[in-house]
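Protein sequence lines, in the order shown, are assigned to chains A and B. Residue numbering for the first sequence follows the numbering used here, beginning at 1 and increasing consecutively. Residue numbering for the second sequence follows the numbering used here, beginning at 145 and increasing consecutively.
Rather than coming from a laboratory, the hints here were simulated on the basis of the structure. Please note: incorrect hints may appear among the correct ones.
[Said to hold, decoys possible] In the SDA-like style, the derived pairs of lysine to any residue whose C-alpha atoms are separated by at most 20 angstroms in a straight line are:
| no. | chain 1 | residue 1 | chain 2 | residue 2 |
| --- | --- | --- | --- | --- |
| 1 | B | Lys-266 | A | Glu-126 |
| 2 | B | Lys-266 | A | Val-134 |
| 3 | B | Lys-258 | A | Glu-141 |
| 4 | B | Lys-251 | A | Glu-128 |
[As the list claims (entries may be wrong)] Listing some non-contacts, in silico: residues in chain B with all C-beta distances to chain A over 10 angstroms:
| no. | residue |
| --- | --- |
| 5 | Leu-162 |
| 6 | Leu-174 |
| 7 | Glu-182 |
| 8 | Ser-213 |
| 9 | Asp-222 |
| 10 | Gln-238 |
| 11 | Trp-243 |
| 12 | Met-271 |
| 13 | Leu-276 |
Beta carbons are placed, not taken as given, at the ideal position from N, Cα and C, and that holds for glycine.
What follows is each chain in one-letter form.
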Amino acid sequence: MKIFIMPPNSLILYDLVERFGHQPLSLMGALKDRVNSKEIEAPPLNVTLDDVKLGLKYAGIEIPSGIRGRMAIYGPLIDQAEAAIFMEDAPYSFGCVGCQRTNELAKLLVRKRKVPILSLEYPENEDEAKVMVVEIKEFLEELK
Amino acid sequence: MNNDVETRLILIAPSSDLTPDRVARFVHNLGFLVSVKETCYGVVIEGPKEEVWHTLTEVRKLDPNRIFSKIRAFPMGDIRRCRAHHGSRPGFAQLEKEWKDLCLVEKGLVCLEKGEKPPELKKRTKMPVSDLKKFIEEESP
Numbered sequence: 001m002k003i004f005i006m007p008p009n010s011l012i013l014y015d016l017v018e019r020f021g022h023q024p025l026s027l028m029g030a031l032k033d034r035v036n037s038k039e040i041e042a043p044p045l046n047v048t049l050d051d052v053k054l055g056l057k058y059a060g061i062e063i064p065s066g067i068r069g070r071m072a073i074y075g076p077l078i079d080q081a082e083a084a085i086f087m088e089d090a091p092y093s094f095g096c097v098g099c100q101r102t103n104e105l106a107k108l109l110v111r112k113r114k115v116p117i118l119s120l121e122y123p124e125n126e127d128e129a130k131v132m133v134v135e136i137k138e139f140l141e142e143l144k
Numbered sequence: 145m146n147n148d149v150e151t152r153l154i155l156i157a158p159s160s161d162l163t164p165d166r167v168a169r170f171v172h173n174l175g176f177l178v179s180v181k182e183t184c185y186g187v188v189i190e191g192p193k194e195e196v197w198h199t200l201t202e203v204r205k206l207d208p209n210r211i212f213s214k215i216r217a218f219p220m221g222d223i224r225r226c227r228a229h230h231g232s233r234p235g236f237a238q239l240e241k242e243w244k245d246l247c248l249v250e251k252g253l254v255c256l257e258k259g260e261k262p263p264e265l266k267k268r269t270k271m272p273v274s275d276l277k278k279f280i281e282e283e284s285p
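Please construct the entire structure, taking both the sequences and the accompanying hints into account.
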């Protein structure tokens, strides 16, 4: 099954979802085509006109362009998602997922689709990590 | 780049005895049609999807609970990202944070492998208002 992961570029979630036999829907996969397109000079910083139009499907015109641009990439992934895993407390201040509003909107759109969702927090110690891995495994096994 | 070509990061957890150098040599010795680049956290491999997958399966056997992997959007050595060409690497801080957490995830995988029951956790709670008030009222010396 196709699993939407949040943060969408999470190494831990990507690895675990794949390890337990499912297909993760990740930012890296979505960006691969754009990165290799000759039209875009410096992805993911640049967007095309089509991206702007596509983003409007997920975020209204009054929404800041940064969110709409990100939603143009996240949106099609959410549409494909058959289940989702959210990891809260990600180091949002870093990396390409540095927009909390986009993440909130993406999570809302996933919830609206009424697919099974597992919400977790980044582990801070061994016990939390054990619980996290077991919960992910059980969640993914139930989906099969 | 062809759509059948995949670039993958292979990360070694900090608790593993493996080194990126050893993994890179191992990949070379496998003889699959993949390019390999040694990095500080492990290796980057690139090649046809199936070959990359076979390589990953073999590399995982070296230390199954301490080797992790994800795909990468940018091709190996892309001048927009490669540090040798002064490329930026905006996602690296998150990768570094998660790489540090891999030794915790490893404990979870070991727990699963042994069939242990995970411990019961206390739910994380927010700071009570009374504590916050105490902090506010505290006078600095």
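The hints, checked one at a time:
1. The hinted pair formed by B/Lys-266 and A/Glu-126 meets the criterion: a straight-line CA distance of about 14 angstroms does not exceed 20 angstroms.
2. As the CA atoms of B/Lys-266 and A/Val-134 are separated by approximately 16 angstroms, the hinted pair is consistent with the 20 angstroms bound.
3. The hinted pair formed by B/Lys-258 and A/Glu-141 meets the criterion: a straight-line CA distance of about 18 angstroms does not exceed 20 angstroms.
4. The hinted pair formed by B/Lys-251 and A/Glu-128 meets the criterion: a straight-line CA distance of about 10 angstroms does not exceed 20 angstroms.
5. Taking the minimum C-beta to C-beta distance to chain A, about 16 angstroms, the non-interface status of B/Leu-162 holds against the 10 angstroms cut.
6. Distance check on B/Leu-174: its Cβ is at least 20 angstroms (rounded) from any Cβ of chain A, clearing the 10 angstroms threshold; non-interface status holds.
7. Residue-level check passed: B/Glu-182 sits 18 angstroms from the nearest beta carbon of chain A, beyond 10 angstroms.
8. At roughly 6 angstroms from the closest C-beta of chain A, the C-beta of B/Ser-213 falls inside 10 angstroms, breaking its exclusion from the interface.
9. With a least beta-carbon separation of about 8 angstroms from chain A, B/Asp-222 fails to lie farther than 10 angstroms from that chain, contradicting its non-interface assignment.
10. Non-interface call for B/Gln-238 relative to chain A: violated, since the shortest CB-CB distance, roughly 4 angstroms, does not exceed 10 angstroms.
11. Non-interface call for B/Trp-243 relative to chain A: violated, since the shortest CB-CB distance, roughly 7 angstroms, does not exceed 10 angstroms.
12. The non-interface label for B/Met-271 is consistent with chain A: the shortest C-beta to C-beta separation is roughly 15 angstroms, beyond 10 angstroms.
13. Consistency note on B/Leu-276: stated as away from chain A, and its beta-carbon is indeed over 10 angstroms from all of that chain's, at 20 angstroms minimum.
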